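Participant: Go by the hints and put chain B onto chain F.
Keeping their order, the protein sequence lines are chains F and B. Be aware that the first sequence starts at 1, since it is given in our numbering, and climbs by one per residue. Be aware that the second sequence starts at 442, since it is given in our numbering, and climbs by one per residue.
Think of the hints as simulated: they come from the structure by calculation, not from any bench. The structure displayed is predicted, hence computed values, not measured ones. Note that beta-carbon positions come from the ideal geometry of N, C-alpha and C, so glycine has one too. Be aware that a few hints might be false.
To be verified - Straight-line C-alpha distance at most 25 Å; calculated DSS-like pairs for lysine-lysine:
hint, chain 1, residue 1, chain 2, residue 2
1, B, Lys448, B, Lys466
2, B, Lys789, F, Lys31
3, F, Lys7, B, Lys569
4, F, Lys36, B, Lys477
5, F, Lys50, F, Lys25
6, F, Lys348, B, Lys448
7, B, Lys569, F, Lys36
8, F, Lys128, B, Lys477
9, F, Lys128, B, Lys448
10, F, Lys245, B, Lys686
Stated by the list, open to error - Some but not every residue of chain B turned toward chain F, in silico, with C-beta under 7 Å:
hint, residue
11, Ile529
12, Tyr755
13, Ala765
14, Leu769
2 protein chains.
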Amino acid sequence: MNTSSKKVISVGLLGCGTVGASFFKLTEDSKIQILKTAGAELKIVKVAVKDKNKPRSVYISPELICDDPMEVVNDDSIDVVVECIGGINPALELISAALDNGKSVVSANKELLARYWNHLHDKAAAGKVQLFCEAAVGGAIPVVRALEVSLAGEQISRVTGILNGTTNYILTKMSEEGLAYEDALREAQEMGFAEADPTADVGGHDAASKLAILSSVAFHSEVRADDVFCEGIENVTAADMDFAKRSGYTVKLLAVAQTLGQGAEDSSLGDSGQKIAVRVYPAMVPLTHPLASVRLSFNACFLEGAASGELMLYGRGAGGFPTASAILGDVMTAVSYSSPGTASNSLKRADIYPVGGLENKYCISLYVSDESGVLAKVAEVFAKNKVSIRSMEQMGMFSEARLVFITHMAKEDDMQRTLAELASLACVEKVGSFLRVYGDE
Amino acid sequence: MNTSSKKVISVGLLGCGTVGASFFKLTEDSKIQILKTAGAELKIVKVAVKDKNKPRSVYISPELICDDPMEVVNDDSIDVVVECIGGINPALELISAALDNGKSVVSANKELLARYWNHLHDKAAAGKVQLFCEAAVGGAIPVVRALEVSLAGEQISRVTGILNGTTNYILTKMSEEGLAYEDALREAQEMGFAEADPTADVGGHDAASKLAILSSVAFHSEVRADDVFCEGIENVTAADMDFAKRSGYTVKLLAVAQTLGQGAEDSSLGDSGQKIAVRVYPAMVPLTHPLASVRLSFNACFLEGAASGELMLYGRGAGGFPTASAILGDVMTAVSYSSPGTASNSLKRADIYPVGGLENKYCISLYVSDESGVLAKVAEVFAKNKVSIRSMEQMGMFSEARLVFITHMAKEDDMQRTLAELASLACVEKVGSFLRVYGDE
Numbered sequence: 001m002n003t004s005s006k007k008v009i010s011v012g013l014l015g016c017g018t019v020g021a022s023f024f025k026l027t028e029d030s031k032i033q034i035l036k037t038a039g040a041e042l043k044i045v046k047v048a049v050k051d052k053n054k055p056r057s058v059y060i061s062p063e064l065i066c067d068d069p070m071e072v073v074n075d076d077s078i079d080v081v082v083e084c085i086g087g088i089n090p091a092l093e094l095i096s097a098a099l100d101n102g103k104s105v106v107s108a109n110k111e112l113l114a115r116y117w118n119h120l121h122d123k124a125a126a127g128k129v130q131l132f133c134e135a136a137v138g139g140a141i142p143v144v145r146a147l148e149v150s151l152a153g154e155q156i157s158r159v160t161g162i163l164n165g166t167t168n169y170i171l172t173k174m175s176e177e178g179l180a181y182e183d184a185l186r187e188a189q190e191m192g193f194a195e196a197d198p199t200a201d202v203g204g205h206d207a208a209s210k211l212a213i214l215s216s217v218a219f220h221s222e223v224r225a226d227d228v229f230c231e232g233i234e235n236v237t238a239a240d241m242d243f244a245k246r247s248g249y250t251v252k253l254l255a256v257a258q259t260l261g262q263g264a265e266d267s268s269l270g271d272s273g274q275k276i277a278v279r280v281y282p283a284m285v286p287l288t289h290p291l292a293s294v295r296l297s298f299n300a301c302f303l304e305g306a307a308s309g310e311l312m313l314y315g316r317g318a319g320g321f322p323t324a325s326a327i328l329g330d331v332m333t334a335v336s337y338s339s340p341g342t343a344s345n346s347l348k349r350a351d352i353y354p355v356g357g358l359e360n361k362y363c364i365s366l367y368v369s370d371e372s373g374v375l376a377k378v379a380e381v382f383a384k385n386k387v388s389i390r391s392m393e394q395m396g397m398f399s400e401a402r403l404v405f406i407t408h409m410a411k412e413d414d415m416q417r418t419l420a421e422l423a424s425l426a427c428v429e430k431v432g433s434f435l436r437v438y439g440d441e
Numbered sequence: 442m443n444t445s446s447k448k449v450i451s452v453g454l455l456g457c458g459t460v461g462a463s464f465f466k467l468t469e470d471s472k473i474q475i476l477k478t479a480g481a482e483l484k485i486v487k488v489a490v491k492d493k494n495k496p497r498s499v500y501i502s503p504e505l506i507c508d509d510p511m512e513v514v515n516d517d518s519i520d521v522v523v524e525c526i527g528g529i530n531p532a533l534e535l536i537s538a539a540l541d542n543g544k545s546v547v548s549a550n551k552e553l554l555a556r557y558w559n560h561l562h563d564k565a566a567a568g569k570v571q572l573f574c575e576a577a578v579g580g581a582i583p584v585v586r587a588l589e590v591s592l593a594g595e596q597i598s599r600v601t602g603i604l605n606g607t608t609n610y611i612l613t614k615m616s617e618e619g620l621a622y623e624d625a626l627r628e629a630q631e632m633g634f635a636e637a638d639p640t641a642d643v644g645g646h647d648a649a650s651k652l653a654i655l656s657s658v659a660f661h662s663e664v665r666a667d668d669v670f671c672e673g674i675e676n677v678t679a680a681d682m683d684f685a686k687r688s689g690y691t692v693k694l695l696a697v698a699q700t701l702g703q704g705a706e707d708s709s710l711g712d713s714g715q716k717i718a719v720r721v722y723p724a725m726v727p728l729t730h731p732l733a734s735v736r737l738s739f740n741a742c743f744l745e746g747a748a749s750g751e752l753m754l755y756g757r758g759a760g761g762f763p764t765a766s767a768i769l770g771d772v773m774t775a776v777s778y779s780s781p782g783t784a785s786n787s788l789k790r791a792d793i794y795p796v797g798g799l800e801n802k803y804c805i806s807l808y809v810s811d812e813s814g815v816l817a818k819v820a821e822v823f824a825k826n827k828v829s830i831r832s833m834e835q836m837g838m839f840s841e842a843r844l845v846f847i848t849h850m851a852k853e854d855d856m857q858r859t860l861a862e863l864a865s866l867a868c869v870e871k872v873g874s875f876l877r878v879y880g881d882e
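With the rest of the complex left out, here is chain F (with noise of 0.2 Å):
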């Protein structure tokens, strides 16, 4: 597309659901300024919806509405294909039949994009178009586009995130209120900010498909939502927030991709070098760090690459006008520069490096019976399973009496025996709850 050219650009809209809707707004709101910075009038020319009766928050022409979508990616008069609606199908067949067409894409699909990463990107290879997500991962937040242009020719060792909202506004209210992880759940249910089935948010799925789309831009190399090592937020209760933040820490679910390979850590990396480890849990983080002050529904990425250092981009997550802001951005670059992008190649697939053989520090709570010798034989089974102690203090007292231990660096798999054998121990009631701390010793 070149704008001297051409002076419209026609868009077609797939779904009108909150994000449809905003984007559908948004576009109409901003006319004078895209016409301003793209010299170009961007008109969205049809919107496929379900229900063409449903009422909708904004007003749409109705001869803008089809309920067929097949006819938005098949309109000849389309140049920008804009996806709001979501799982694996239909979007997957029409946003193939859209790059097919050789009309550009914009998505913010994370399942689709943790999916199908390069059936649809060889697919926007072939027509000679781009394929966009920036509203995908983060909302608002122009971290895909950072990864992709601005740091193109950095190295990123390392990619951390808080990318769902709901958890993070969980863990928020557990930690400045001191609510139980139920009350927050319901709390945030009531806001808005949960669905009724919690679990693709507090089990951490949503997060994963986020960061395998990260994961895919930051280091070249096809990661997928299945790759990801996921633990949810479940188990964390309000007597780990008040030992994290009596300690300088808060928790919060983190997403964590990095690299490690060539002449790096492990000689079990072998020739072809970088391997990538991706993995979202629930951790300490040092009310120090940066990340620790994203608060509520908020997101962040932190990125480390080689010669940028560290770098934090911030902001809000979800919601409808976000998300339409982040979609905008990608329709007005599709529209401003007319070489496909590194957007638009299909990646290697990623050699994906086991969490069991990473490196962390841990925090570890354990309900122990009230009798002498106790520490003695739990402290055996850290020193037989080569995690060593760096502090441990007792909370609570008799039969609410637990053991509190933060370990120095140790790998995960020596840690997840050394959990096993802590819970067959007899005077071990029960491991009461396992965090990663992030920060390196």
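Facilitator: Just chain B now, with coordinates in the frame of chain F:
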């Protein structure tokens, strides 16, 4: 430039100090990555330096080095010129010549761009080439590109930056270690974070130049460094820091730009619509605000957009490699995209809104004589000038006694009149400090 027809991009480098040398090394080290993401080889073919014989931190083949910068800007084989000289002359002349010669230019020169934005962008537009300046603001932080591309359709209402690493380092040391200003400055100088003559940094002038550039990009109007109202951190005391902390704040040197207009806050705006208010000053920032978490020499930009909501970009604001990383991102953009984006349009001159008309909350400390009736006299001055007091606290005792006030929202002009009258009261020995309080009521 089109990467499909041209496989080698020739870069000419002006200046080889810390930033220039870092860019040279980074480009060498990133060859494979660049080929992978841009599909082109980036080759630095000429490096202009002041003194050919000066020892350098990187090895540069002698045949690349010249001591006449005009050789670089007039070399027909060069596609992109990277300017790392700094200052107005001869950078202005050299960049002008490069643009006239049809070369895209990447510059890290904040002083120049904060004074000659339109002059240079007119030349770029005339030559159908591009002028990039990501590295001029916030080092590695991709804020210029975020504003120009990702947020191109967005209505930005306010930009709040911590844009100077030296002052942020000093203020962090004062806040976290209780250092006096002079001691923190000395430490910053010893660490290499502050110059022997620190005026440009501590006086806020460096931040003002960067704010001018950010405002030009965010509001699509040319703002110059001279437009920016500027107060430095020289008068911030350890006592201010202490009071701020106990009140739930920290003190930061903020660079703030906002739009006012179109039927908004003030009738003095006239017909033309948007005015822009730009200022740099030390301010109290709530500890819960993400800007409060920006420590040491880090920089950040907090953006407020109509659709995107609140965004913050955080990272290393200076240093050889972070700055080189931003330059490389710009060079890759120049290489990857063919049409000049908004980067290369000249802008209408901004209509500057006088700071005196803005509203803020303020924190004022007054050293007063130890006698009865002082508070009544002081309060009367506030009231007379329509500045309403939110809280008052007496700090210290006897000859060290001072009153610290926080006001409600009040007009800057009214506050300045209040300050002048307070200073002239017999019972006021001196006005201690005067800080704006960040945050809307």
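Participant: To test your reading of the hints: which numbers does this structure violate?
Facilitator: 4, 11
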